[in-house]
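S.K.: Spelled out, the chains give:
There are 2 protein chains.
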Amino acid sequence: MKNTISGLLEINKVSTSKIDQVDFDNLNFGSVFTDHMFVCDYKNGAWQTPKIVPYGPLTLDPSARVFHYGQAVFEGMKAYKDDHGDTYLFRPDENFKRINKSSERLAIPEFPEDYFFEGLNTLLKLEDAWIKPGVGNSLYIRPFVIATQASVSASEANEYKFMIICSPAQSYYSGDVSVLVAEKFSRSASGGFGYAKAAGNYAGQFYPTKLAKDQGYQQIIWTDSNAHEYVEEAGTMNVFFRINDTLLTAPISDRILDGVTRKSLIALAEKQGIKVEVRPIKVSEIVEAVKNGSLKEIFGAGTAAVVSPVKAFGYKGEHYELEKQDNSYASHFKSALMDIQYNKAEDSFGWRYKI
Amino acid sequence: MKNTISGLLEINKVSTSKIDQVDFDNLNFGSVFTDHMFVCDYKNGAWQTPKIVPYGPLTLDPSARVFHYGQAVFEGMKAYKDDHGDTYLFRPDENFKRINKSSERLAIPEFPEDYFFEGLNTLLKLEDAWIKPGVGNSLYIRPFVIATQASVSASEANEYKFMIICSPAQSYYSGDVSVLVAEKFSRSASGGFGYAKAAGNYAGQFYPTKLAKDQGYQQIIWTDSNAHEYVEEAGTMNVFFRINDTLLTAPISDRILDGVTRKSLIALAEKQGIKVEVRPIKVSEIVEAVKNGSLKEIFGAGTAAVVSPVKAFGYKGEHYELEKQDNSYASHFKSALMDIQYNKAEDSFGWRYKI
Chain A
10 MKNTISGLLE
20 INKVSTSKID
30 QVDFDNLNFG
40 SVFTDHMFVC
50 DYKNGAWQTP
60 KIVPYGPLTL
70 DPSARVFHYG
80 QAVFEGMKAY
90 KDDHGDTYLF
100 RPDENFKRIN
110 KSSERLAIPE
120 FPEDYFFEGL
130 NTLLKLEDAW
140 IKPGVGNSLY
150 IRPFVIATQA
160 SVSASEANEY
170 KFMIICSPAQ
180 SYYSGDVSVL
190 VAEKFSRSAS
200 GGFGYAKAAG
210 NYAGQFYPTK
220 LAKDQGYQQI
230 IWTDSNAHEY
240 VEEAGTMNVF
250 FRINDTLLTA
260 PISDRILDGV
270 TRKSLIALAE
280 KQGIKVEVRP
290 IKVSEIVEAV
300 KNGSLKEIFG
310 AGTAAVVSPV
320 KAFGYKGEHY
330 ELEKQDNSYA
340 SHFKSALMDI
350 QYNKAEDSFG
360 WRYKI
Chain B
10 MKNTISGLLE
20 INKVSTSKID
30 QVDFDNLNFG
40 SVFTDHMFVC
50 DYKNGAWQTP
60 KIVPYGPLTL
70 DPSARVFHYG
80 QAVFEGMKAY
90 KDDHGDTYLF
100 RPDENFKRIN
110 KSSERLAIPE
120 FPEDYFFEGL
130 NTLLKLEDAW
140 IKPGVGNSLY
150 IRPFVIATQA
160 SVSASEANEY
170 KFMIICSPAQ
180 SYYSGDVSVL
190 VAEKFSRSAS
200 GGFGYAKAAG
210 NYAGQFYPTK
220 LAKDQGYQQI
230 IWTDSNAHEY
240 VEEAGTMNVF
250 FRINDTLLTA
260 PISDRILDGV
270 TRKSLIALAE
280 KQGIKVEVRP
290 IKVSEIVEAV
300 KNGSLKEIFG
310 AGTAAVVSPV
320 KAFGYKGEHY
330 ELEKQDNSYA
340 SHFKSALMDI
350 QYNKAEDSFG
360 WRYKI
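Chains A and B are the protein sequences, given in the same order. Quick note, the first sequence lines up with residues 10 to 364 if you use the numbering used here. Quick note, the second sequence lines up with residues 10 to 364 if you use the numbering used here.
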């Protein structure tokens, strides 16, 4: 059935939902998708009518630019349901601004704000049954843009597809992870596009991560590509260190993603009177801190995992274990952030966005 | 119709060729494709039966990893037809080795050598009518691999597609180009994957190139990401400088593509007694050389353009023009290489590969 429920969007609903086939207690992250998806094509110099259509495969020419030149950006967001059945997003304006910042760096046309929010709102209302209540449950939302123009000429495309797909999620990581500090491989270059959520920033991480796994580590702490002297990110997350009672994280740059969770944790910490230092952090400083006992915690911060505690790290052939903390900042921040996300705490920053 | 003509391949030919619809005198690079394509799927831990099928669209789930994490590599090759109607490739073993080297860095499973060459040979025999004789005409061949697994989990995929598509080509660049030396943007990082023909290396170049175009330059000369002190590549090609009668090019590294044309030019030059220096080249050295008149030529080298002469470059707000040379190395090497490629000269290096 086809009906238009807004001035902007064209909507084509499924006749039967597939939700009954989904086991919500055993979800693999990012592999089950909801009934509908949001699609908007860019051609002839303009974004065309945005549509919500049944979730289904894309048909693309083998020469579509995304396959050859990686012209693709994305975002990661979550929808949370509170105990009253209301659905919230967390700072979606940040994701909207960032996908366009990423697009600009990859020579992809920016997406209109009203299309984005109207699309999100309409899609999430349609998929309400897929957003399960209960802290930890969420609907992972993946907006992305791909270059669809059929031609292998190495330049920016003139046709694109902006899409939003949604996947019900439980928690992303289970347990504390061990990480390996990068001494050879790098994630991004100064003057590159490490700050963008661009497809090309991810593919290069898989091989070094595979090698790290062979050594018993689950993720990599990325360091600067010049000398591997400064810590930058952890896996696909921003990284925080707690030295005594001070929280440290690297400043954002053209190599480091301006993470929404990262900036939210900094704001939360500062509000709660926890000292935060946003400055370049030397690996040597972290090694010294673990040796003298002042390094209390390391954790990653990102939308998928929220906060992901690190229990050990490897560097230059040495393995360093962190002691379990009673008053862990990682678990404190995770709870504080999730309380806001699930509408269980006051939202003094105005971060919640009601659907 | 479906018939198997080899022990390895499954072949499904088109019933009617579309070749009559193609204007071979007015081809846009990489936008017209031949009747067939080579496809081989990787799943359940193995490359499946390779197939040649009618050229046509791919159907992929919106969550296919290539759209999100840029797990994609490719190659660029050409088939040349000589005056007797025989078809040749140029050093295809180099392309085969390199696509697997690229794949390794992107955690993509390596492709079997016999599948690659049997696929190429069979496909090119089928598309014989698409390979036009005459120097300058060629069939551009694009092998590529994409991650097809449906799931947005940020790790290497367990399903892939290896494909070869072919596009009839005339010459790639027309005329000499002006290039801008990068002072802010970078192409790749030490410890990254700049040496790989990975999709993610290209998307990041379009925006800086667009900005350069606004200043009247067609391409960028990439410099090191640390200090923008050394020249690395030109656009999507390797770059050569001629100072007096010496040829200079940067050594390959993990940031620089090991170009087949690059290494062929070095071999040709050395054989002809032209002095070649493969060493780090400072931008300041090039600026000094253009000022004192010893910089005779700059040119890019790559499969698509073969040799692409540079007539001017911009650096730190200054514009430097190069004088036209009577005995240009660029045109000498272009002819010498094309004579080998089109079977018009002795192939003392054993570079030609007959189909």
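Hint data in this document are derived by calculation from the structure and do not stem from the laboratory. Be a bit skeptical, because a hint or two may be false.
Just so you know, same-sequence chains aren't split out, so a pair can sit in one copy or run between any two.
Straight-line alpha carbon distances no greater than 30 angstroms define the calculated DSS-like cross-link-like pairs of lysine-lysine that follow [claimed, not checked]:
1) K52 - K110
2) K284 - K222
3) K141 - K219
4) K291 - K193
5) K272 - K353
6) K353 - K363
7) K141 - K22
8) K222 - K52
9) K193 - K353
10) K291 - K22
11) K141 - K52
12) K110 - K325
13) K219 - K106
14) K110 - K193
15) K219 - K52
16) K280 - K193
S.K.: Are the hints correct? Go through all of them and say.
M.R.: Going down the list of hints, with the structure as the test:
no. : hint        : result
1   : K52 - K110  : within (20 angstroms within a copy, 36 angstroms between copies)
2   : K284 - K222 : neither (34 angstroms within a copy, 46 angstroms between copies)
3   : K141 - K219 : neither (33 angstroms within a copy, 45 angstroms between copies)
4   : K291 - K193 : both (16 angstroms within a copy, 24 angstroms between copies)
5   : K272 - K353 : within (20 angstroms within a copy, 64 angstroms between copies)
6   : K353 - K363 : within (14 angstroms within a copy, 71 angstroms between copies)
7   : K141 - K22  : within (21 angstroms within a copy, 50 angstroms between copies)
8   : K222 - K52  : between (43 angstroms within a copy, 22 angstroms between copies)
9   : K193 - K353 : neither (44 angstroms within a copy, 46 angstroms between copies)
10  : K291 - K22  : neither (53 angstroms within a copy, 60 angstroms between copies)
11  : K141 - K52  : neither (37 angstroms within a copy, 33 angstroms between copies)
12  : K110 - K325 : between (36 angstroms within a copy, 26 angstroms between copies)
13  : K219 - K106 : between (32 angstroms within a copy, 21 angstroms between copies)
14  : K110 - K193 : both (29 angstroms within a copy, 17 angstroms between copies)
15  : K219 - K52  : between (39 angstroms within a copy, 19 angstroms between copies)
16  : K280 - K193 : neither (38 angstroms within a copy, 36 angstroms between copies)
Of the numbered hints listed earlier, those contradicted by the structure are 2, 3, 9, 10, 11 and 16.
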